[in-house]
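Chains as they are written, first to last, in full-length UniProt numbering: chain A, 1 to 293; chain B, 1 to 293; chain C, 1 to 293; chain D, 1 to 293.
Don't take each hint at face value.
One copy or two, either will do: identical chains are not told apart, so a pair holds if it fits within one copy or between any two.
Said to hold, decoys possible - In silico lysine-lysine, DSBU-like type, Cα no more than 35 Å apart, as pairs:
# : residue 1 : residue 2
1 : LYS157    : LYS275
2 : LYS215    : LYS157
3 : LYS275    : LYS215
Hints are computed from structural coordinates only; laboratory data are not their basis.
Given the structure is predicted, the values throughout are model-derived calculations rather than measurements.
Below are the chains, spelled out letter by letter.
There are 4 protein chains.
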Amino acid sequence: MEFDAALTPPPAQHHWVLTLICVDGPGIVHAISGAVVQAGGNITESQQFASNDTGRFFMRLQIETQAGREVLEAALAPVVAHYGMNWRLDVVGRPLRTLVLASTAAHCVNDMLFRQRAGLLPVHIPLVLSNHSTLRDLAGFYGVPFEAYPVTDAESKAAFEQRILRAVEEHEIELVVLARYMQILSPELCTALEGRAINIHHSFLPGFKGANPYKQAHARGVKLIGATAHFVTSDLDEGPIIEQNVVRVDHSRSASELVAIGQDEESRTLTQAVKWFAEDRVLLDGARTIIFR
Amino acid sequence: MEFDAALTPPPAQHHWVLTLICVDGPGIVHAISGAVVQAGGNITESQQFASNDTGRFFMRLQIETQAGREVLEAALAPVVAHYGMNWRLDVVGRPLRTLVLASTAAHCVNDMLFRQRAGLLPVHIPLVLSNHSTLRDLAGFYGVPFEAYPVTDAESKAAFEQRILRAVEEHEIELVVLARYMQILSPELCTALEGRAINIHHSFLPGFKGANPYKQAHARGVKLIGATAHFVTSDLDEGPIIEQNVVRVDHSRSASELVAIGQDEESRTLTQAVKWFAEDRVLLDGARTIIFR
Amino acid sequence: MEFDAALTPPPAQHHWVLTLICVDGPGIVHAISGAVVQAGGNITESQQFASNDTGRFFMRLQIETQAGREVLEAALAPVVAHYGMNWRLDVVGRPLRTLVLASTAAHCVNDMLFRQRAGLLPVHIPLVLSNHSTLRDLAGFYGVPFEAYPVTDAESKAAFEQRILRAVEEHEIELVVLARYMQILSPELCTALEGRAINIHHSFLPGFKGANPYKQAHARGVKLIGATAHFVTSDLDEGPIIEQNVVRVDHSRSASELVAIGQDEESRTLTQAVKWFAEDRVLLDGARTIIFR
Amino acid sequence: MEFDAALTPPPAQHHWVLTLICVDGPGIVHAISGAVVQAGGNITESQQFASNDTGRFFMRLQIETQAGREVLEAALAPVVAHYGMNWRLDVVGRPLRTLVLASTAAHCVNDMLFRQRAGLLPVHIPLVLSNHSTLRDLAGFYGVPFEAYPVTDAESKAAFEQRILRAVEEHEIELVVLARYMQILSPELCTALEGRAINIHHSFLPGFKGANPYKQAHARGVKLIGATAHFVTSDLDEGPIIEQNVVRVDHSRSASELVAIGQDEESRTLTQAVKWFAEDRVLLDGARTIIFR
């Protein structure tokens, strides 16, 4: 694994990832695999799930074919129309345009930037926005533009959110990552970013929502602490969960030691969630996520 | 490990476990170790903890000595008096007299009875009390008396709780284990059993308190489910936590599959907590537990 | 989960599990899913894998259909013939006829028998064979016939192996489980049971093969100990691995304490492997296993 | 946790860590705690272990005292002399002077440098030596001097080892970390660095020693892959183990995917081992380590 993005080969234009969601029913796999055969494709990875909760069918395929996108889309068109499918076709490994929001904590941002450069995380990060300038040099080392604006009142907060929305538009952002960004997003911004913003919360949700979860965890005397990556919704810490991890602690740890211990779980939980999202492995089934690992 | 309790040797009368709790201050270790030396003892295991939260000092020692209990107690007497210690001296490995409360679920009861007989859990279970007769044969196979009384209304519930209290007295019970006993204890009984009753809750507390935690976990879409062994208090599912474990699940699991998957965590979390308690490794520090593993 | 096998409903005759193995190539999924559609079936679970190592394609499907086995087989016949598939069709949840071999250790046998009765493990165990009589009562409690024959020399060992083979024939055994059976099987028996005998080895293979793995683990000072469930082959402890688990230990544990700690991992690793095998989730790809969890 | 080493306060000169090793016998704890009392000290953390394998006694204490080092040493002097103790007294939190050896892989080096700067790892790294220049910029960003010398033959290898030894002397190095340094050290260098050089091996030892462990792991079909941090000895991959971790993988992972997956375990296993060593929590008991976590 060379530590240099320039050495990472561009993703192959003949390896595709297809995700689709529709009402469950018979014949879907046969119809889709027929379209793949018609486009001269070979299925290299396939996962499916039928949800008893919502009656919906979810599928993720990786398809190798020398035919181009147009041929593949043409073959799929009648099938997706017939089943009324919500679908998405992309090149396997294409870096996802990702905006990172940060405050002062470095660990999650460092983990994302390092992995992007090492070729371990299929994202392209054109910008880091922060309400503090703490991480400017870190972003700079990784060659990522960085902008900091203090958020001190309603006005500066609104301006910051406007900057986020402009950045999303300018850079055609596909994913916004709150990498320990310590501001609550307005309901309007949550709505605007619905389904494409991921937050890391420093507890094992639904335990210890809100502020100071490690202090809460210490007070309650839990024996495991955790981290949760979830979609951002206007209902704080209630968005669909993508990934969770825990680590064992004992009585001897102070609340501030829990903070240090928990950082590793936060970083790896967040980058795992981002990786799955960037690989089109995360689908929404109501308030729950389907993860095609 | 022979599967026969009769082969388990009686615990040695010259290996002692000493636990003590007092206000923290200088010189405690020196004073205690001096008493041990005076009694001709050798410290084979030692753990200590000073709580910043409550200012208390906790210690657990294992001491080998050919001197009897009287000599050891005499040596310790001035020290525990001087520091105003709450202390307890017992023989290492002495089986703890344990009352098991059960309903219909077999897994936790089976695990406790099997481990008792295999010599893996230092408890002596003179009686299983249940509000159902489902587990009568299982208890019978392990040679443990079993009594079942239906609990259907306030009167039968009060009678059952009276039976519990009588059993505690008759058998000089040191620990009551709620092994998936599906009744809420009355506040009076909780008070009577304070600090010597352990429950297993089938979620990772503080998440999903109360009824149907697996159904709640499914609805919330968590990626790990868990189990929590905790002391029983009148505040439901809020007692001090002794042990917790989690296991990974994914979107494909129904709520009833979570029930089956979670059983293993429930059993091993409960038996682990009981083992630590029986070995005098669990001390209370306010709402938190000290576990000297 | 009621603790009574009699309450377990018989598996539905309209829910099928289909596994197939063939040389990889295009169109397989389409062809198979076409056969399923033709038989009026709905795919409820599907997993596939193409092995780069051996060029083979592996698939496991669960299919719901009101059509009977004959209709389903007729629809599949041309497809499996065309692709030269190695295939297997069974009813989802049908208990696998399983022979258990034991010695004196109780934990794995207890775990299997308990889970069978609790409806957690889809096996039917018509017989336990042992070279010691230690576990006779345990088997008896679970209503499972038990036979013990001392194995003390080459002659008694050969006789025991003949008894195994006869039992396999008499009971149409589909799986032989070595539940801490402390005898090495002869090469002839290994060959006769190839692909349908599972052993639990009490180490994290390939570390610590052969005798006394916990003693070896203690001497080497490893920080995690483990257990490995694997297919039996004539090459001792070298058969394809089905499942592995580890548990953390520290310097303070003696070799005999490691034995006690490791038992839980042995039990759960073995029963997990047996469960997957009984559910047709374990396929062989050369020296490696495909596990469709 | 501010991302800036300059903000980390210097360690307090009144909080000490004392480790000691001697032949086991009665009265040691009393004697040591007496010396602590004499120096006006308070024991804030204490762990001990008596090894049945070697008959040695190990202890680690943290002691708070306003008395200086001289007073504390004077109080301890008669005790350590009496028991013939191998002992070490240091300031809690003092950064350990650490030399890092690297090749081209960035993940372990990045993790160490990031944690040093974030105040999460009590080391001072005055120099990174590498046989490749790949990581020059990374070291530069963290303000750590970096030297690269190609190692292509016996002569250049000997020169590189001479540079290591000179650096150890110049910087009074206390720990040498092989952070995926892909050269085998000569027996002479191993001897020179005995007990103060830590390597990370990318397998769960003792499985898969030597080259290409992930390729070996893939071929064997293990279900967990791991990493092992161990002391360097002239017997390759056989030095005393300090820490190990594993992560679950399945059949679908190629050998090169195992490489990527394993990196996280390598980094966290190595930094954990270094942290414990820097905090004087790692003691040697023959071929095994005592870890006072």
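Tested hints:
Only within a single protomer do LYS157 and LYS275 lie at most 35 Å apart by alpha-carbon distance; the minimum there is 29 Å, versus 40 Å between protomers. For a Cα distance limit of 35 Å, the shortest separation of LYS215 from LYS157 inside one copy, 27 Å, qualifies, whereas the shortest one across copies, 39 Å, does not. Taking CA atoms no more than 35 Å apart as the test, LYS275 paired with LYS215 passes in both settings, with 29 Å inside one copy and 24 Å between copies.
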